[in-house]
Amino acid sequence: MSNDTNHHTDKHSGDVNYLNFEKGFMSWWMSIDHKRIGLMYLVSMIFFFAIGGLLALVVRTELMKRGQTIIDNDTYNMAFTLHGVIMIFLFIVPGVPATLGNFLLPLMIGAKDVAFPRLNRLSYWVYVFGSFFAFLAIYFKLDTGWTFYSPYSLRNAPAVMSATMAAFVLGFASILTGVNFLVTIHKMRAPGLTWDRLPLFVWATYATALLQVIATPIIGITLLLLFLENAFGIGVFRPDVGGDPVLFQHLFWFYSHPVVYIMILPAMGIVSEIIPVFSRKPIFGYKAIVWASVGIAAISFLVWGHHMFVSGMSDFVRYLFSFLTFFVAVPTAVKVFNWVATIYKGSVEFTSPMLYAMAFVFLFMIAGTTGIHLATLATDAHYHDTYFVVAHFHYTIQGGAVIGLYAGLHFWFPKIFGRMYNEKFAKIAFCLLFIGFNGTFLPQFVLGMMGMPRRYADYSTFSNVDTFEYLHFISTCFSYINALGYSLVLVNLGYGAVKGVKATANPYNSLGLEWQTPSPPPHDNFETIPVVTDWSYGYGEEYSDHDHNGNKKVVAKPA
Amino acid sequence: MLDWILEIFDFMPVEASSWASRVDYINNVITVISVFCTVAITFVMILFAWKYRRKSENQKTAYITHNATLETIWTIIPTIICFVLFYFGYTVYHEMRNPPVGANEVFVKGQTWYWDFQYANGKKSTGELVVPVGEPVKLIMTSADVLHSFFIPAMRVKEDMYNGNYSYLWFTPTSSGTFDIFCTEYCGTQHSGMTAKLKVVSKEAYNDWLNEKKDPSAEPVLPEVTGKAIYTAKCAACHSLDGSKVVGPSFKGIYSGAKHVLQDGTEVVVDDNYIRNSIANPLSQIVAGYPPVMPAFQLSEDELIGVISYMKTLK
Ligand SMILES: [Cu+2]
Ligand SMILES: [Cu+2]
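Going line by line, the protein sequences match chains A and B.
Quick note, the first sequence lines up with residues 1 to 559 if you use this note's numbering.
Quick note, the second sequence lines up with residues 1 to 315 if you use this note's numbering.
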């Protein structure tokens, strides 16, 4: 690869970067450096991801065979609840924005930090604080599923109050991140970085930040109402005191549907960055992708009712929500076409980030097209709350958001740690993960078609229990492979971060601004604020004299 | 040939209701379109990636940024597909939401963690719903406690039920047999044990079953008899049966389907939920031209069924 190893750092005092700039626990905990905050978020989230994953294995193991196998019903119910709560609220909702977003956003727009670095630190603190409420909910034996539907959840008020409190506090962490990113993107772009040159990951983060800021307060309102009901007996959600349980579902999904896009939009942004770099081609349909991101964010506020087609809404509203939901499919399809078109006539290098990105496109198509089964009223009546839904949203969240996050982690790994992971090992881990994931969830689509309800600890009373058991067995076996894949990925990345070979500033010859500074970046990101003269996707013939070391056409040059 | 393709990915349970085959047809069409698109696009993606794989470090690539025609086409086509699919889903679902008049009515009550059923003649059963083949059945459902959801995979129907409120679903079974009923709204420890069986039997067997008396002393009381007694004791002072206006409106022909105008100007068609609500929260829906003086009554589920069944006899 290139030999322009950190020609910036040469001028810089020795090998000082954001990682060794200061040392000791407090230097991290008190840090207002967006890179350190992103990294702390990453480590915390991976920790929760591991716990959530282990809980998933407990759930899968219990379902492997009919009857009670390893845990009783109550434990099972707590296990799937915790799996959901941890994976959603502690892992994937903060997700890409809090980790890669924090790390990359200022680098990608040529800024020294985010607009409000202290607010950013507060966001992380709030996140840590919020996670305690999640543990409090566990302590109170939360067993409601991550959706906390009333009135069941109100039977255990302390648990549901702590859980909503967790969602609320963690929501604040997202709001702080969102506000921060909005202002940063508006105000801190390097000279010349106009909106139409903005990298797509930044655009995706922008759309996500809008969602974070607008949708998250709803969970706060819900918490307030829950509190009023429990403390003063004011009827809000409980029918016996004149409340309406459906209202809870409306509020919950009015927040939680946009949250799905908080998870997935940044992952789409990552894919839009990776594919051009490894295809050496400009991203196809830049404008369309931008509009699709913003469009998806806007539509996401109008479709929450599709979670409630059988929840007692009036028929007309059901028809309306079904109709609106179909419109999410269009911008999503457009993005997929754009990614594929970007590869056309490129020069494709099959690195592990590229494999993850291509896997994302494939898995996300499965997620999207099965969403059509669920948006269609006649079929949703059958599929609602079955394993079909479980499989669908795991394809969206794991196949989409998580695979996207891992794509990004591999891609920006050299930038973050200044070292490389083992590429061969990364590919093996990827294969295990990919096979394990599909093997776990494809059978669950079949289970769902057959009518398997979700959140069932057992299925031994079913008429054709043999078929159900067979499919559950396959699903569980593959879930172990999936887990093995993730473990290998983490071992490989963990080892690479500490012991990997040193990475150059720009190992992929990317045109992105974040690559025009040493790896790992110095504390202040850039020695001088770069001046941008073009978008960062200018690969291709026009640039054929752009060689891999010297650049004839520079994207960023010192002011 | 087409059918064969459509059914490759069809893992739906037996089709035992009038619309099951249409639901499955829509489902299969969506699945086949989905699989086709996913496979085709993935194939193209891999093909491109392989064909244009990096062969040398200085390989030249094309500078293509967009293509308006192509982008318009691939925006419009998915939009059209979506409209069509929405429409198909809508038509069948519209039918699912509109039970025919004269359907056999069964009251369903879900509670942690079993199902109770009550039939027109007052007969009750638990954990087993018996219906005649070929006749529409309407389930009028409520919950004694938390949310439950009534799901019969073989009939392709599902609907949640709430405490203090009726929801409904209906279907026409087309083949006899025993089918699974599941609770699909999480309701606690035994949620997965909250199953029941649907028995679809011939008309004769159904009548025999309805009228069989295991224990002569436990002869089912006709719900309308219970209802009439309640009416006489609690409602007759204010509600007449002959159409005359006393304190409140008459119950004569209350289920005729005519629209009732409320004080705030909205119009309602009388249904089970309206009656239920008028009794439990009279002040929430006041009939235009009447004083808001009706007291709220706390009737048990059985009494409510009684009053409702009685009102339905008042032609
Ligand atoms: Cu949704
Ligand atoms: Cu249940």
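FYI, nobody ran anything at the bench for these hints, they're computed from the structure.
Glycine included, each C-beta is placed from N, C-alpha and C at the ideal position.
Don't take each hint at face value.
Unchecked claim - Have a look at the derived ranges for each label pair, beta carbon to beta carbon:
1) Gln-298(B) to Leu-484(A): 52 to 60 Å
2) Gly-233(A) to Asp-10(B): 34 to 42 Å
3) Leu-57(A) to Thr-126(B): 31 to 39 Å
4) Cys-238(B) to Ser-314(A): 26 to 34 Å
Claimed, not checked - Quick look at which bits of chain B chain A covers, simulated, 3 or more residues with Cβ under 8 Å:
5) 18–29
6) 168–181
To be verified - Within a straight-line C-alpha distance of at most 27 Å, the following computed DSS-like cross-link-like pairs (lysine-lysine) qualify:
7) Lys-502(A) to Lys-23(A)
8) Lys-123(B) to Lys-60(B)
9) Lys-197(B) to Lys-65(A)
10) Lys-234(B) to Lys-245(B)
11) Lys-424(A) to Lys-55(B)
12) Lys-345(A) to Lys-213(B)
13) Lys-245(B) to Lys-424(A)
14) Lys-23(A) to Lys-141(A)
15) Lys-124(B) to Lys-55(B)
16) Lys-245(B) to Lys-315(B)
17) Lys-312(B) to Lys-234(B)
18) Lys-427(A) to Lys-51(B)
19) Lys-345(A) to Lys-245(B)
20) Lys-345(A) to Lys-123(B)
21) Lys-427(A) to Lys-345(A)
22) Lys-55(B) to Lys-502(A)
23) Lys-228(B) to Lys-124(B)
24) Lys-287(A) to Lys-252(B)
25) Lys-213(B) to Lys-51(B)
26) Lys-312(B) to Lys-427(A)
27) Lys-197(B) to Lys-252(B)
The hints, checked one at a time:
1. Under the hint 52 to 60 Å, the C-beta atoms of Gln-298(B) and Leu-484(A), about 58 Å apart, fit the expected range.
2. Here the CB-CB span from Gly-233(A) to Asp-10(B) is close to 51 Å, at odds with the stated 34 to 42 Å.
3. A hinted range of 31 to 39 Å for the beta carbons of Leu-57(A) and Thr-126(B) is consistent with their spacing of about 37 Å.
4. Under the hint 26 to 34 Å, the C-beta atoms of Cys-238(B) and Ser-314(A), about 30 Å apart, fit the expected range.
5. Remark: the segment 18–29 of chain B is confirmed as covered by chain A, as 5 of its residues place a Cβ nearer than 8 Å to a Cβ of that chain, reaching the required three.
6. Three residues within the 8 Å Cβ limit are the bar, and the segment 168–181 of chain B against chain A gives 3, so the coverage statement holds.
7. For the hint linking Lys-502(A) to Lys-23(A), the alpha-carbon distance of about 20 Å falls within 27 Å, and the restraint holds.
8. Among the hinted pairs, Lys-123(B) with Lys-60(B) is inconsistent with the structure: their alpha-carbon atoms are about 81 Å apart, more than 27 Å.
9. Restraint check for Lys-197(B) and Lys-65(A): satisfied, since their Cα atoms lie roughly 22 Å apart, inside the 27 Å limit.
10. The straight-line distance between the Cα atoms of Lys-234(B) and Lys-245(B) is roughly 17 Å, inside the 27 Å bound, and the hint therefore holds.
11. Taking the CA atoms of Lys-424(A) and Lys-55(B), the gap is near 19 Å; set against the 27 Å cutoff, the hint holds.
12. With a C-alpha separation of about 79 Å, the suggested pair Lys-345(A) and Lys-213(B) falls outside the 27 Å cut-off, and the hint is violated.
13. Note on Lys-245(B) and Lys-424(A): the hinted pairing is violated, with a Cα-Cα distance of about 87 Å set against a maximum of 27 Å.
14. Distance restraint check for Lys-23(A) and Lys-141(A): the Cα-Cα separation of roughly 39 Å exceeds the 27 Å cut-off, and the hinted pair is therefore not satisfied.
15. In summary, the hint linking Lys-124(B) to Lys-55(B) is not supported, as the alpha carbons are separated by about 76 Å, beyond the 27 Å threshold.
16. The hinted pair formed by Lys-245(B) and Lys-315(B) meets the criterion: a straight-line CA distance of about 17 Å does not exceed 27 Å.
17. As the CA atoms of Lys-312(B) and Lys-234(B) are separated by approximately 18 Å, the hinted pair is consistent with the 27 Å bound.
18. With a C-alpha separation of about 21 Å, the suggested pairing of Lys-427(A) with Lys-51(B) holds against the 27 Å cut-off.
19. Simply put, Lys-345(A) and Lys-245(B) have alpha-carbon atoms about 82 Å apart, too far for the 27 Å limit, and the pair is violated.
20. The straight-line distance between the Cα atoms of Lys-345(A) and Lys-123(B) is roughly 73 Å, outside the 27 Å bound, and the hint therefore fails.
21. A threshold of 27 Å between alpha carbons decides the hint, and for Lys-427(A) with Lys-345(A) the separation of about 24 Å falls inside it, so the pair holds.
22. As the CA atoms of Lys-55(B) and Lys-502(A) are separated by approximately 26 Å, the hinted pair is consistent with the 27 Å bound.
23. A threshold of 27 Å between alpha carbons decides the hint, and for Lys-228(B) with Lys-124(B) the separation of about 19 Å falls inside it, so the pair holds.
24. At most 27 Å may separate the alpha-carbon atoms for a hinted pair to count; Lys-287(A) and Lys-252(B) exceed this at roughly 65 Å.
25. For the given pair, Lys-213(B) sits about 77 Å from Lys-51(B) by alpha-carbon distance, which is inconsistent with the 27 Å threshold.
26. Between Lys-312(B) and Lys-427(A) the CA atoms are separated by roughly 69 Å; this puts the pair beyond 27 Å, and the hint is violated.
27. For the hint linking Lys-197(B) to Lys-252(B), the alpha-carbon distance of about 38 Å lies beyond 27 Å, and the restraint is violated.
Of the numbered hints listed earlier, those contradicted by the structure are 2, 8, 12, 13, 14, 15, 19, 20, 24, 25, 26 and 27.
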